[in-house]
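Asks: If you want the building blocks of each chain, they are given just below.
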Amino acid sequence: MSTGRRPSFLGRTAITGVGYTPLSRDSGVSVQALAVNACRAALDDCGLEPKDIDGIVTYSLLNDSVYGQAVAAGLGSPELHYAVDLSLGGQAPCAAVAMAAMAVDAGMARNVLVFRALNGRSGMRIGSTAYESLTSQFRYPIGFTAYPQYIAMWARRFMIETGFSYRDLGHVVSVQREYAALNERAMQRKRLSVDEYLASPFIVDPFRKADCTIEADGACALVVTSLEEARRHRQPAAVIQGSAWTTPKGSGLDHSDLFSWPDWSKNCHHYLRERLWQSARATPQDLDFAEIYDCFSIVVPMTLEGLGVCPVGGTGEFISSGETRLTGSLPVNTHGGLLSEGYLHGINTVTEAVLQIQGRGGARQVRKNDCCLVTSAAMMDGSALILTKDGH
Amino acid sequence: MSQTSAGPPRVHPNLDTAWWWQALAKGELLIPACGTCKQRFFPPQAFCPHCGSQDRHAAASPGRGKVYSWIVTHRAFAPELAGEVPYAIIAVDLDDGGRLIGRYFGDFTVLRDAMPVRAKIYRKDADVLLGFEPAS
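Protein chains in written order, with the numbering used here: chain X, 2 to 393; chain D, -14 to 121.
Next up, chain X with everything else stripped away, as it sits in the complex:
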């Protein structure tokens, strides 16, 4: 169905400023306050003022956030020419950036904020909240009520199909904890050896606690603009070179309808693979590092294999041999991932990629930072981006 023509915003739009609030278990402030503070921080970061903003894209689940309008109000009401409020979770961040970039490229807006804000720990905890949907009636009464269970089901099938082992899961977690130790923002900074991991109890077999992200209070924001405009901002441009998103056949009726999905060993990245690489005019061999959405550990190997970065059945060896460490051939999840930094539904996966491309990774800065893969998806639907340094 793809036209084969490269979407016009690619190579012509960029991310510049990023901003965070602290990530915590109890922010003590409203979600609007979190959102506005993160957005102000992103503007300060790239030298913009609220009046320079004319677009906002955000996403939320079950009303756990505020609309972009509320952020505009908190910034002193700049006029928005483009405001999008998506009812989505971790599938959204890369798609939200693309929607902002398309608006910029189409001339609908000049500088667009993308943010995610929530009191996800002290408020509604999405990881264990049983919310009504079209298909929840077939899950909840049998005790199948929470995301760790749904994705554990996919993890088991992935392990059956590919030979990925419990020990391999331990390596995913252990490597990301090494990065987290170097990330002052991370909520969990303790190293964890594979043996310590294997000695810890199951929450829902095949997952242990360390396989699950840490629910967080916090907010994170970034600024999307044209490449031309980006060159006038205070931070270097992370150029948007590739973009794809998908809701494949079999995605079902809602976010957690896994009944209709044919192959639980493959997530949506298997289906957006071709369009993503084509859109960027790139291949997996061009990557210097990758930031992979990881609400749960298993999503990392499933995504790397789905996008053809690793061969099917090859990710266990790739990670356990150290290739995804800071010293390896493809550093992955350099902030420690959502597993360690905290669950801001993947917007912080995108901002980590931006910081690394800008050379602002500090103690965890990757050596080569020209080209990066970023993903936003665990299961049926989702999105991904390829970002590069300006001039690459």
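Treat the hints as calculated values from the structure; they're not laboratory data. Please read these numbers as outputs of a predicted model, since none were measured by experiment. Careful, some of the hints might be misleading.
Distance condition first, Cα-Cα at most 20 angstroms in a straight line; then the derived SDA-like pairs of lysine to any residue [unchecked claim]:
id, chain 1, residue 1, chain 2, residue 2
1, D, Lys51, X, Glu162
2, X, Lys210, D, Pro71
3, X, Lys250, D, Gly82
4, X, Lys210, D, Ala63
5, X, Lys210, D, Arg60
6, X, Lys267, D, Asp98
7, D, Lys51, X, Ser261
8, D, Lys11, D, Arg(-5)
9, X, Lys267, X, Thr248
10, X, Lys210, D, Tyr72
11, X, Lys250, D, Gln39
12, D, Lys109, X, Ala131
13, X, Lys210, X, Glu179
14, D, Lys23, X, Gly251
15, D, Lys11, X, Gln138
16, X, Lys250, X, Trp262
17, X, Lys191, X, Glu216
18, X, Lys267, D, His35
19, X, Lys210, X, Arg190
20, X, Lys210, D, Leu66
21, X, Lys250, D, Arg84
22, X, Lys267, D, Asp78
23, X, Lys250, D, Gln24
24, D, Lys51, X, Pro263
25, X, Lys250, D, Cys22
26, X, Lys250, D, Ser38
27, X, Lys210, D, Val70
28, X, Lys210, D, Ala61
29, D, Lys23, X, Gln138
Fit chain D to the given chain X structure using the hints.
Replies: Frame of chain X; chain D shown alone:
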């Protein structure tokens, strides 16, 4: 927060699914089937998710199938389930088509890929639910 359910997880049928639950309550396992593309699907819904047809009917199923995936829940994610852990939930590919999910009644330590199982319809509180047990 209005969509968040309160109280114990219970069956809440809707206009597209009530017939399936009513049959189950009578001890019958029915699987929605498409008259146009001939495929079976689940959950019950207004259109065939394979081809979009509205020509659907209910096919009786003997409920025999093979394990496709499974999990063992050790930590209760809802307080009402605290007395039930550890428990296994399995996904089953029915021999006659369709994938279903249910509680597993049996020794979960021996669960394996493609292990043969059969449907076991059971009562829990006021609900009649679908589970599975080992097929002899």
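Asks: All hints are to be evaluated individually against the structure, with a verdict given for each.
Replies: Consistency of the hints with the structure:
1. Lys51(D) <-> Glu162(X): 15 angstroms, holds
2. Lys210(X) <-> Pro71(D): Holds, at roughly 16 angstroms.
3. Lys250(X) <-> Gly82(D): 18 angstroms, holds
4. Lys210(X) <-> Ala63(D): 17 angstroms, holds
5. Lys210(X) <-> Arg60(D): 10 angstroms, holds
6. Lys267(X) <-> Asp98(D): 17 angstroms, holds
7. Lys51(D) <-> Ser261(X): 17 angstroms, holds
8. Lys11(D) <-> Arg(-5)(D): It holds: about 18 angstroms lies between the C-alpha atoms, which stays within 20 angstroms.
9. Lys267(X) <-> Thr248(X): Given that 20 angstroms is the threshold and the Cα spacing comes to 13 angstroms, the pair holds.
10. Lys210(X) <-> Tyr72(D): 17 angstroms, holds
11. Lys250(X) <-> Gln39(D): 17 angstroms, holds
12. Lys109(D) <-> Ala131(X): At roughly 19 angstroms apart (the allowed maximum being 20 angstroms), Ala131(X) and Lys109(D) satisfy the hint.
13. Lys210(X) <-> Glu179(X): Roughly 17 angstroms separates the two Cα atoms, so the pair holds.
14. Lys23(D) <-> Gly251(X): 16 angstroms, holds
15. Lys11(D) <-> Gln138(X): 18 angstroms, holds
16. Lys250(X) <-> Trp262(X): 8 angstroms, holds
17. Lys191(X) <-> Glu216(X): This hinted pair holds, its Cα atoms lying about 17 angstroms apart.
18. Lys267(X) <-> His35(D): Measuring from Cα to Cα gives roughly 19 angstroms; hence the hint holds.
19. Lys210(X) <-> Arg190(X): Holds, because 15 angstroms separates the two Cα atoms, which is no more than 20 angstroms.
20. Lys210(X) <-> Leu66(D): Holds - the C-alpha atoms of Leu66(D) and Lys210(X) are around 19 angstroms apart, at most 20 angstroms.
21. Lys250(X) <-> Arg84(D): 16 angstroms, holds
22. Lys267(X) <-> Asp78(D): Distance ~17 angstroms between Lys267(X) and Asp78(D) Cα, so the pair holds.
23. Lys250(X) <-> Gln24(D): 15 angstroms, holds
24. Lys51(D) <-> Pro263(X): Distance ~15 angstroms between Lys51(D) and Pro263(X) Cα, so the pair holds.
25. Lys250(X) <-> Cys22(D): It holds: about 15 angstroms lies between the C-alpha atoms, which stays within 20 angstroms.
26. Lys250(X) <-> Ser38(D): Since the Cα atoms of Lys250(X) and Ser38(D) sit roughly 15 angstroms apart, the hinted pair holds (cutoff 20 angstroms).
27. Lys210(X) <-> Val70(D): The hint holds at about 16 angstroms.
28. Lys210(X) <-> Ala61(D): Holds, at about 13 angstroms.
29. Lys23(D) <-> Gln138(X): 25 angstroms, violated
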